[in-house]
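2 protein chains.
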Amino acid sequence: MNKIRLALIGFGSVGREFCRIIRERGSEWEDKFGCSFPITAITTASRGSLINPEGIDISRALEEITSHGRFREENPDRSDITSMEAAALDSNDVVVEISTLNIESGRPAADHISTALKAGKHVITANKGPVAFYYRELVELTRKADRRFLFEGVVMDGAPVFNLVRETLPGCTIKGFRGILNSTTNFILCSMEKGMTFEEALRNAQEMGWAEADPSMDIEGWDAAAKTAVLINVLMDGNLTPSRITRTGISGINSDQIRTAKRNNKVIKLICEGYLNKNGEVMGMVAPVALPESDRMAGIEGTSSLLELTTDLAGKVSIIIDDPKIGETAYALISDLLTICRQINLLND
Amino acid sequence: MNKIRLALIGFGSVGREFCRIIRERGSEWEDKFGCSFPITAITTASRGSLINPEGIDISRALEEITSHGRFREENPDRSDITSMEAAALDSNDVVVEISTLNIESGRPAADHISTALKAGKHVITANKGPVAFYYRELVELTRKADRRFLFEGVVMDGAPVFNLVRETLPGCTIKGFRGILNSTTNFILCSMEKGMTFEEALRNAQEMGWAEADPSMDIEGWDAAAKTAVLINVLMDGNLTPSRITRTGISGINSDQIRTAKRNNKVIKLICEGYLNKNGEVMGMVAPVALPESDRMAGIEGTSSLLELTTDLAGKVSIIIDDPKIGETAYALISDLLTICRQINLLND
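Going down the list, the sequences are from chains R and G.
Here the numbering used here is used: the first residue of the first sequence is 7, the next is one more, and so on.
Here the numbering used here is used: the first residue of the second sequence is 7, the next is one more, and so on.
In short, the hints are calculated from the structure, not lab data.
Treat each hint with caution, since some may be false.
Pairs involving identical chains hold if they fit within one copy or between any two copies, as the list cannot separate such chains.
The calculated lysine-lysine pairs, modelled on DSS-like cross-linking and capped at a C-alpha distance of 30 Å, are [unchecked claim]: (1) Lys322 <-> Lys124; (2) Lys272 <-> Lys200; (3) Lys272 <-> Lys181; (4) Lys200 <-> Lys284; (5) Lys268 <-> Lys322; (6) Lys284 <-> Lys9; (7) Lys322 <-> Lys181; (8) Lys322 <-> Lys284; (9) Lys331 <-> Lys284; (10) Lys181 <-> Lys38.
Work out the full structure: start from the sequences and follow the hints.
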């Protein structure tokens, strides 16, 4: 039986769901793939940390966070280890970076990742900061370390985007893309379509858990710009940070504009776009656009997402994920984990 | 420089486009991947055959077919070799099976493929017959021969379907699917939406090259049923031939029905479906269905296709290809070819 030991940097809702899936599917995968996935470290900024080279008791860890909001002092695996230390521990093979996003710098997540790679670990992440800010550096580090660095969850939750292009469109060049990639703003715009004001729609999104207490990251288009930068850097060989993306958010959209669009059979959506300008430079844009009702993107409801890729050889290919929940975001990490195991020939499949 | 020698069984429009792409991109791929793709044999049923272990002159072959409808006697590579002989030739590494579809038995294409596998060749095909009728046998043969057998072009042209599930959704179980997968019937239904009668729409499709002189294979839902069977066998571990799919074509659809649907804001589409029944058995269905205009499938126009997969871990994921041309079907073969080269570690990527 092969064994891949995991260290989790961060233990928010995605990390906890990741652990639940590993716990529920673990024995099935042991049978199917001949590989087990013990979690040997979990670090958090304010809820304590756990470490056990033989494998942490996941049920206990989940229960403590749920009931007490933190890991308890009585937990025999309780430790004072920092995230940076955990990233380089001998007792892990893959570091799962899911700490809180810092959209202005991508740090310290990027530092956790580079520390892990330098220590010879593979890395998977759902954190868009490091990929938006340090993609080329991290790829170079990955190459030097002869390890893997995957980040499927950064865009469109569990739907394949990066794996789609890398694994299923070999020889293709991506000439451009267009998509709806930020759930919060799409949820708000859909609520406004149904008659809510911007303020009501935002409050509704916050109550449903789709918007943060400080929603500016989503509303002002920063999250969408970060994803656009990531897609440009990874799929189109560009080199842009989020601030280089031409960006308009949805805070300027009011009910009148929504109604006027509707009278003209149009729907306002926050569109992300990557394209080549006349000089062949890769450019990125995020902006609200009034689309005809018949446009496929106009029909993307709530927290669903769509990405349309224009390719040289495969034509126009689109991928859609409908109503993703937290489980689908966590699956993106599972998908990266299994992809790495397969690539390093640890899976019997 | 690695070298993968290709034998083409069949040289219809997809085969010719495949050769054009290889000719145009060949030197780029030599630089990028360190691998060249000489075509060492082409066999046809009635246009003659060519063979040259060093590589056929592709431009000449294409020119002869275009200008004379067949390979000329003067061509130094002209040969009387049969398709079955070519499938086993020492001078090829990968057999590209693109002979004419036989929807009733999947043969002789399935025989070409098994002959090639037994002779130690990898096989790629865009021919749905063999996969619809002999999937399990061919997979077993592939396993025994320790070779690869890929068929991305069988469903949705150049859009990834099988690679999508195998390479980008690891650990996921496909619980069901729904899609629009036959271009001819969709093109006809869209023309009827615009006011044509069934007969006018069919004639129009034939003039545009989207329907055969004998269109019954498409019209009666056989092509859609074959694709449904393939998806069920490959993605859902089923074991159904096309005749086991519950099948209704579109020959019974008239302008009145289209108009009635329209009055109710509905659109009639030929839907393919795979699902588990109450006993957990995999079932397949092809039938015209009146969908609400707001349904994403209702918006699939002309020759575009959509496949929606319901998964256990990644939620509902859809893939769409818009307006594919012959080049996109040929790309499916290119994609399989590069995937095999990558899997056997022949690509520098």
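Problem - Hint numbers contradicted by this structure - result: 1, 4, 6
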